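Protein chains: 2
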Amino acid sequence: MTLDTLPYVYKRLSMSGRRWTSRDVAALAGVSVATVSYVMNGRMGDRIPSTTRERVLSAARQLGYSPNRSAQSLRRQKTEQVCLVVDSIGVPVIDQLARDLHAAADEAGYGLITMVVGSAERAAKTIDLLHQRIADGAVIAPSNVTRFREEDLVELARGGLPLVAMDNVVRPIGFDVVRAPERDACGDAMDHLLTTGHRRIAFLGHHEEVNDLDARAKSERIGAYLAALQRHGLETDESLIVEGADDRVAGYRAAADLLRRPDRPDAIFAASARSAISAVWAARDAGLTIPDDVAVVGCGNLPETEITRPPLSTVGPPTTEDFTEVSRLLFERVLTKEPPPEREITNPWVFVPRGSA
Amino acid sequence: MTLDTLPYVYKRLSMSGRRWTSRDVAALAGVSVATVSYVMNGRMGDRIPSTTRERVLSAARQLGYSPNRSAQSLRRQKTEQVCLVVDSIGVPVIDQLARDLHAAADEAGYGLITMVVGSAERAAKTIDLLHQRIADGAVIAPSNVTRFREEDLVELARGGLPLVAMDNVVRPIGFDVVRAPERDACGDAMDHLLTTGHRRIAFLGHHEEVNDLDARAKSERIGAYLAALQRHGLETDESLIVEGADDRVAGYRAAADLLRRPDRPDAIFAASARSAISAVWAARDAGLTIPDDVAVVGCGNLPETEITRPPLSTVGPPTTEDFTEVSRLLFERVLTKEPPPEREITNPWVFVPRGSA
DNA sequence: CTGTTAGCGCATTCAT
DNA sequence: ATGAATGCGCTAACAG
Numbered sequence: 044m045t046l047d048t049l050p051y052v053y054k055r056l057s058m059s060g061r062r063w064t065s066r067d068v069a070a071l072a073g074v075s076v077a078t079v080s081y082v083m084n085g086r087m088g089d090r091i092p093s094t095t096r097e098r099v100l101s102a103a104r105q106l107g108y109s110p111n112r113s114a115q116s117l118r119r120q121k122t123e124q125v126c127l128v129v130d131s132i133g134v135p136v137i138d139q140l141a142r143d144l145h146a147a148a149d150e151a152g153y154g155l156i157t158m159v160v161g162s163a164e165r166a167a168k169t170i171d172l173l174h175q176r177i178a179d180g181a182v183i184a185p186s187n188v189t190r191f192r193e194e195d196l197v198e199l200a201r202g203g204l205p206l207v208a209m210d211n212v213v214r215p216i217g218f219d220v221v222r223a224p225e226r227d228a229c230g231d232a233m234d235h236l237l238t239t240g241h242r243r244i245a246f247l248g249h250h251e252e253v254n255d256l257d258a259r260a261k262s263e264r265i266g267a268y269l270a271a272l273q274r275h276g277l278e279t280d281e282s283l284i285v286e287g288a289d290d291r292v293a294g295y296r297a298a299a300d301l302l303r304r305p306d307r308p309d310a311i312f313a314a315s316a317r318s319a320i321s322a323v324w325a326a327r328d329a330g331l332t333i334p335d336d337v338a339v340v341g342c343g344n345l346p347e348t349e350i351t352r353p354p355l356s357t358v359g360p361p362t363t364e365d366f367t368e369v370s371r372l373l374f375e376r377v378l379t380k381e382p383p384p385e386r387e388i389t390n391p392w393v394f395v396p397r398g399s400a
Numbered sequence: 044m045t046l047d048t049l050p051y052v053y054k055r056l057s058m059s060g061r062r063w064t065s066r067d068v069a070a071l072a073g074v075s076v077a078t079v080s081y082v083m084n085g086r087m088g089d090r091i092p093s094t095t096r097e098r099v100l101s102a103a104r105q106l107g108y109s110p111n112r113s114a115q116s117l118r119r120q121k122t123e124q125v126c127l128v129v130d131s132i133g134v135p136v137i138d139q140l141a142r143d144l145h146a147a148a149d150e151a152g153y154g155l156i157t158m159v160v161g162s163a164e165r166a167a168k169t170i171d172l173l174h175q176r177i178a179d180g181a182v183i184a185p186s187n188v189t190r191f192r193e194e195d196l197v198e199l200a201r202g203g204l205p206l207v208a209m210d211n212v213v214r215p216i217g218f219d220v221v222r223a224p225e226r227d228a229c230g231d232a233m234d235h236l237l238t239t240g241h242r243r244i245a246f247l248g249h250h251e252e253v254n255d256l257d258a259r260a261k262s263e264r265i266g267a268y269l270a271a272l273q274r275h276g277l278e279t280d281e282s283l284i285v286e287g288a289d290d291r292v293a294g295y296r297a298a299a300d301l302l303r304r305p306d307r308p309d310a311i312f313a314a315s316a317r318s319a320i321s322a323v324w325a326a327r328d329a330g331l332t333i334p335d336d337v338a339v340v341g342c343g344n345l346p347e348t349e350i351t352r353p354p355l356s357t358v359g360p361p362t363t364e365d366f367t368e369v370s371r372l373l374f375e376r377v378l379t380k381e382p383p384p385e386r387e388i389t390n391p392w393v394f395v396p397r398g399s400a
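Sequences listed follow chains A and W, in order.
When the letters of the first sequence are read in order and numbered with the working numbering, they come out as residues 44 to 400.
When the letters of the second sequence are read in order and numbered with the working numbering, they come out as residues 44 to 400.
Calculated from the structure, these hints are not laboratory results.
Check before you lean on any hint, since a few could be wrong.
What the hints assert, rightly or not - Using C-beta positions, here's what the derived DEER-type ranges look like:
#, chain 1, residue 1, chain 2, residue 2, range
1, W, 73, A, 279, 53 to 61 Å
2, A, 192, W, 84, 21 to 29 Å
3, A, 379, W, 171, 23 to 31 Å
4, W, 120, A, 167, 24 to 32 Å
5, A, 120, W, 85, 25 to 33 Å
6, W, 168, A, 163, 30 to 38 Å
Note that this is a predicted model, so its numbers are computed, not measured.
The C-beta atom is built at its ideal place from N, Cα and C for all residues, glycine as well.
Input sequences plus hints: build the corresponding full structure.
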């Protein structure tokens, strides 16, 4: 039976943009929808004779049929998708996370959808979508811009959504938490700078953490910076703290401005690796020697730290970033019937001196 | 009526991880599911008395109810999500695209899901998901790694999926196409290099385009490079063509290697802006002067081009990258009943000399 | 103003 | 080995 022999109604429908359903395939193949379902899902192994199977497959191919995902999800009570929630893309560490999670999803036969949450508004919307079961599980990734409230995550988990949060603040209540002890490692780096004689240390920060007092208190990086100054009996010079200097261009401009000043800093502590790299360039462009004239330290362990001159000293995971563990936690939750106990993992963060400080 | 007064069955269900449905809310509020639906969707404006509305809302809040997205999508025949298909994240131009599309989606009340397609396998899977109507429309973004076949896009569009493809090859058959005439602009840049006396021009390329002959023929950037050499009567020196040198680290290493050679190139044409920036660094680290010792040109107009020394000459859109047009095209298709005619837009690409060449 | 009802497209028991 | 029937959770006619 070919398309030409179809009743009129089908031809009409094919024109009207309506998509084919399993019923259409069944009709064309001369079988019932159940059989179509069996064949499409490869169920019932050999219980369907290959002639029938072929007939169905051919009918499906002819119509360009593919099962409707919404209907499937509704019926199966799962979407076979997991969701990665990040607050911005283009940050190298996020890219790595996406790659690792993607690999795990592929292996489990799951899809990965990424939601970029750049504002509180979109954060709320994303929480909502997660409640609506747009995915079978989610990784909530580190947030410099937006922070998710613990209670929202708890509620999500209570609703049965497998969840892994990468966060240093929220407690693991019904979900897993992966932490990175940034504060101590940043403190080590600051100690290093201070014990090697640096007294005017500038801070290149993210957006909100510098001016929003509440955020500043919570941000481990600027928190460690401020605490270290205090610990060593130094006053903080607010003019050395720059807001929104976490990307490459802003970082370069901020560093260049700082280094042009007569009372220029003798060290720069950058909250991102990208701005630290830019600071290295700004210093070199200003004719300064690193680390003698100005020392530079960044946060985050990018491969790029090894192609700067001198190599960039950073605070971060001891080796390269790796999120296979996070992915494992998520899929353990997603794939098992009974949810595992809440887990709390702390990944190492250390100060890695490489030459720029 | 509070949770305490619920029949036993409900309490049990609340423990078993089953999620509440509109029926549960209706029961708790003492109304019908229709009313719940009306209230939840804000339909029937004032036709629902506020007392009833409040009762429903309160019941929903009490149960932590939110409508099941799969059921909603199935019933409404739309997901209210659009999909951005990219081949990798972490590429600045993609980030901008995501931002612009996100803005448009927000405005239309749509969600944006991003699918990262790093391999042919995942490309096939993504096409499949699109067929399964995981979204109401999609933007297929420029692909250095994976290229989508025209026939796949055509089939998708024939199925009624609003589609915008950013591609220089596929024809707009049932969908819109946005092009960037990279070839001519790259040719201009090469002409500039060649007419200013450069004879040994290296090429830093993406992965496949260098070694896969078919891909090389299709890639506009290396194509323009090769054509320009030929046009000016120069032989191509394969040892000056480097594969997989499109990211920052690989670009740096490749450029450093090239510049260390006794027969080092007198110019570097990079297929990405990131590798061009790395090439600038490599040249400076090698003690070479740009553009006198070695000229550098990149592809793609990043803000960063203006913080290199000297500023990076690039091939790309005349101003900064902007994808509001792409977003507009998509949502015009998504939001209108009758699909607009196929549109084919060509965005300008030019050679912008800035100092490095 | 609100309840009843009929599907949306699919997977799955239960018959045969 | 296959078909008929049921319902996943929701929306939207239609009735009242």
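request  = Could you tell me which of the hints above the structure violates, numbers in ascending order?
outcome  = none
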